[in-house]
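2 protein chains.
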Amino acid sequence: MKQFIKSISILSFLLLLSTWVAAQELNSPDGNFTMDFLLLEDGTPTYQLNFKDKAIIKSSKLGFELKDDAQSLLDGFTVLESKISAFDETWKPVWGEESEIRNHYNELAITLKQNETERIMVIRFRLFNDGLGFRYEFPQQKNLVYFVIKEERTEFAMTGDHTAFWIPGDYDTQEYDYTESRLSEIRGLFEGAVTPNASQQQFSKTGVQTALMLKTDESIYINLHEAALVNYACMHLDLDDTNFVFTSWLTPDAVGDKGQMQAPRHTPWRTIIASDDATDILASRMTYNLNEPNKIEDTSWIHPVKYIGIWWEMITGSGSWAYTDEFPSVQLGKTDYSKAKPNGRHSANTQHVMDYIDFASENGMDAVLVEGWNVGWEDWFGHHKDDVFDFVTPYPDFDVAELRDYAKSKDVKLVMHHETSGAVRNYERHLDQAYTFMNDNGYDAVKSGYVGDILPKGQNHYNQWAVNHYQFAIEKAADYQIMVNAHEAVRPTGLARTWPNLIGNESARGTEYQAFGGSKPNHVTVLPFTRLIGGPMDYTPGIFEMDVSKLNPDNQSHVNSTLANQLALYVTMYSPLQMAADVIENYKRFPDAFQFIRDVPVDWQQSQYLEAEPGHYITVARQDKNSGDWFVGNVNGTTERTTTVSLGFLEKGKKYEATIYRDGENAHYNTNPQSYKIDSKRVTAKSKLKVRSAPGGGFAISIKEL
Amino acid sequence: MKQFIKSISILSFLLLLSTWVAAQELNSPDGNFTMDFLLLEDGTPTYQLNFKDKAIIKSSKLGFELKDDAQSLLDGFTVLESKISAFDETWKPVWGEESEIRNHYNELAITLKQNETERIMVIRFRLFNDGLGFRYEFPQQKNLVYFVIKEERTEFAMTGDHTAFWIPGDYDTQEYDYTESRLSEIRGLFEGAVTPNASQQQFSKTGVQTALMLKTDESIYINLHEAALVNYACMHLDLDDTNFVFTSWLTPDAVGDKGQMQAPRHTPWRTIIASDDATDILASRMTYNLNEPNKIEDTSWIHPVKYIGIWWEMITGSGSWAYTDEFPSVQLGKTDYSKAKPNGRHSANTQHVMDYIDFASENGMDAVLVEGWNVGWEDWFGHHKDDVFDFVTPYPDFDVAELRDYAKSKDVKLVMHHETSGAVRNYERHLDQAYTFMNDNGYDAVKSGYVGDILPKGQNHYNQWAVNHYQFAIEKAADYQIMVNAHEAVRPTGLARTWPNLIGNESARGTEYQAFGGSKPNHVTVLPFTRLIGGPMDYTPGIFEMDVSKLNPDNQSHVNSTLANQLALYVTMYSPLQMAADVIENYKRFPDAFQFIRDVPVDWQQSQYLEAEPGHYITVARQDKNSGDWFVGNVNGTTERTTTVSLGFLEKGKKYEATIYRDGENAHYNTNPQSYKIDSKRVTAKSKLKVRSAPGGGFAISIKEL
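Chains G and Y, in that order, are what the protein sequence lines are. Counting from 1, one number per residue, gives the positions in the first sequence under full-length UniProt numbering. Counting from 1, one number per residue, gives the positions in the second sequence under full-length UniProt numbering.
What you were told as hints is all true, and nothing was included just to trick you.
Identical chains share a label here; the pair holds if one copy fits it or two copies do between them.
Below, simulated DMTMM-like cross-link-like pairs (lysine to aspartate or glutamate); rule was C-alpha separation at most 25 Å, straight line:
(1) Lys457 to Glu428
(2) Lys295 to Asp336
(3) Lys690 to Asp629
(4) Lys58 to Asp217
(5) Lys457 to Asp387
(6) Lys150 to Asp386
(7) Lys476 to Glu428
(8) Lys61 to Glu107
(9) Lys476 to Asp387
Read the hints as simulated data drawn from the structure, not as lab findings.
My request is simple: use the sequences and hints to build the entire structure.
See below:
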């Protein structure tokens, strides 16, 4: 009753302030959130959002600007119907941070009619205990069937000059370091935040990407993103940095159109996750909950994967994807590799892959990824080349059948690699053949890549046409019982709930950048608040040798992380797909540290975020899905910090052995990254572990029942 | 020897006029043509062409403007090598106007080096007795691998203000009536020549399409076109109407680029067919000869097709492609047709198709085309709809299995119809499935269509990306042993030699326009000089009822042709794929006239063009490939005209029965189109037949050995 009075009073207050013609309020199940829908006098729909009685989203307009249409879907609406309902259900993900997820919300569906045009638009709000999701729906109707979106005009009006963790809005890449700044500082910092990429296109000096992490001066954490991005353009946010209002900015097609729509259709969900505790942002499953349930009936073939790969050696430049240096250009089916002189640095050769299979088999790794196995790498990049790869023809030194049989004999899977070079049509033309080749040769997972500009020219990585492609590849893969890990694709929006064969994405600045000049040492304390909101990332952690020149004397890049931090990532960066990314020689040098990678599972019974502050630290404890064991990870920003981990999550009365992989005394991401200490102790649910993390450091703990 | 002296003298004359640094001459085998290659002082390559000692192409520049490149491929060249060779071979087409084709030419290959950039470009000229073909070649080299063509700068400098038979240059359609005018008049007539189309985009008020037919005041006939258009943009011609110089104008992609090139690569051939006798233009096989030999090993499944179809009734508006009028929009896989109310006008219903199968079987037709058989026609057009058809799901009233079995029992084939609506990606995604469906259900030929704008937006019908798609569909069809008849695709360039499963194209204004307001009565006297230069057209002749309102009272269109003219088209418009396009009820009304369509073959032993004048008349005699019978066709322009046909092509000493289908006394395309007379007489090789053709009329003669 108290809650009811509270919300009434808020609404009354709002009504005093606004010129409105219709209003409707919605509360979250726990009453912490209140969302108010108001229709302004001119028929403009708006919403605002309160958390614990304080506004976190001020009055924000909703609607669309249409192309070739005198009357857009911005105003002139009346409310036809307003419907409130509740939903509470628990579902079991195929893989995840926990074995069960509760989907609990109150819903408000506002049916609007634009009287002049007799067009209907529904805005559906779902208010969870962790935040708000809403989307636009266009039911089947006479006067709104086909239409083109010039721009979506969804506002997110901030209440002040918040601190943001942002990357530049870009149609083609998210591979940027995060900048922490006030909203008012974005414009001035923008250019400096844009670092080179193989394909990139910004649109505004105050344009940023989602998931965007914000923090108010009152320590309210707000995350803006979207859920269930299907057949629609990826949403960016453009900031009015005078009024601190974000407006949606969709990714355009080749002629500047932003959405090709056909009713009945709906947009993705626009999401606002918020809390006064940063760990709630990390623990939120709202993004998944706003996606459709799993559409794959038989999921027995979907499984988490811990893998090593023929990869880091090429990324650092010590090995090569290409087989030869002889060809100025390759034409598939015409270029004769049999007579080409090998360059001697081709990593994906049969013997080398066998060594990796052996290592995987000996160390409990599920699989080995091999990049550069197929012909075409001599000129794969930067040429807008359409017929760049055929995805089925190996280099002369890569024996598909032999490796298939050898991997099988060692009970190790090989992970396929499909680099498309952005040539989307070429990939789609070969997809059936490529997936069939995988079925025939024992590959059940593929890492796909979209490096460089999307073809045909004029398209980009994040528009509706491209989004539609990534989805096509995922759904077709499901037909072939293939798991997908798409790199350079659009950032995830929880679609892995619906298509759990999407076991990974890159779509952010991954470990590779540690070999391209390095990433910020606190990068991994931001990613879980941003990129990971939509789904797991194939971040490829586990680098043990931070001095890249050890592998390639010509590469002076440094991995800005301590070794202990690298171990912690297997816990802090949740993914059902985890790579041990370093070359196996480096793992052989540090077998005691590598033991953690051997031990850590990739699927979880439950997760508890113990503490978190974006840009500064994250500490999380997770319980193995298949045993009672627990694993704790801590990643730290640039300031040395000591954490006290209370083991209250352990089962009371039971005894455990904790093995702590921590930074050494003088460890430092830059000056002393390989300094680590491992110690073990007996612990119970009452224990507290005090562990110091170095700058750019962290710790990893495995806790096994005795 | 005389020839040698002649060409020397021409070259000497040229050398006096030009500032040149290198020169080379090439003669046609019969010596009628002389082509001179000259490198200007600034290293610009040029050519000129003489016919019977008179210039028909004045000094014309050759080269390319490149994108993002300081130095284009326009000048600064020196001649590295100059190589003359000869070629003479006779090959047998799988189908055609004759059973053997001679490929006889002299060749000059000029290897140019741009000294400053060290780039190599070869220009290869082939001079036949019927004209010149030349192309650019970019061999594998270090300094020219990937490059983007901003514009091809190939000139065709006319010697005067010739008469041209032209249609507006357009990136999306060739479905225009031809305009006959002086070159200097094009600009003034251009706007009037542009009639509405579902997708169209002109680029210049003096831009015209190829094949372009020209006639000089000295009655030299010149045809400009291209051969072997593969993975390159379709070439238009832009006229400098002060100097009468045409320059190539390639069709751009979404960002304005005109060619994405990777050496080794070559352009299509640019062709100039010329003669002082117009029939030589029609008899020229230069376009085929410049294409690669047949690449399909087993061609036993490729066969000419005479067919009827469920088509004209929808074109005229009396029937409908759509099954229902109930849906404002269709979403494949979601829209439930089983409960939809049929509109009662859906032509592609099982019973109606059976009637057509019966008629085909009774009248020696090979096949029945059925359009509108598959779901999606309710909103197939004009919406930039991506997922418009799936090509495998029939309407509820179209029983695939029953019709498959029924057609088989009657020894009649069904012709598949794939309308893509320009949604190229959607079509490619479904292609394997669609072709498999055809294999499974007894279809061995497909009519494909590309009505409306090409998707994704920014692409068009004739650029490199689209050309690449049509080729992909043809080659994949060959894998499935399927014959292709592509409508609204790029106009053909002789590729059917290489891929003889390409048995037809539309790519011009076909008979459908006779139901959309009518075409010019002399249209069919132009098409063989223009559109047919590149390959056969699925013109769909055989309309017997010229008053369209008889089928659909709401359609007042008139077919601008006499009935006899319609019969003649089966001979004058060569195609291995010929439709009897009218509804079968109209054929039942005129069984005596229909007898000619029953009799006329669709594959020929030899062809003799007896007389021709573009825009005015064409008379051709062809001998059946499978018998000794001959067939003669005459189409006439707008002026009444009498032809005397000498039957000297008949075998001497043999007796024949000629059946002459001619215009009636007062026949006229407009006022009295259905007036015709049929008479028979005995003839020999010595006979001459005098036959009058009405305005928009013509005659057809079948000559059978007695």
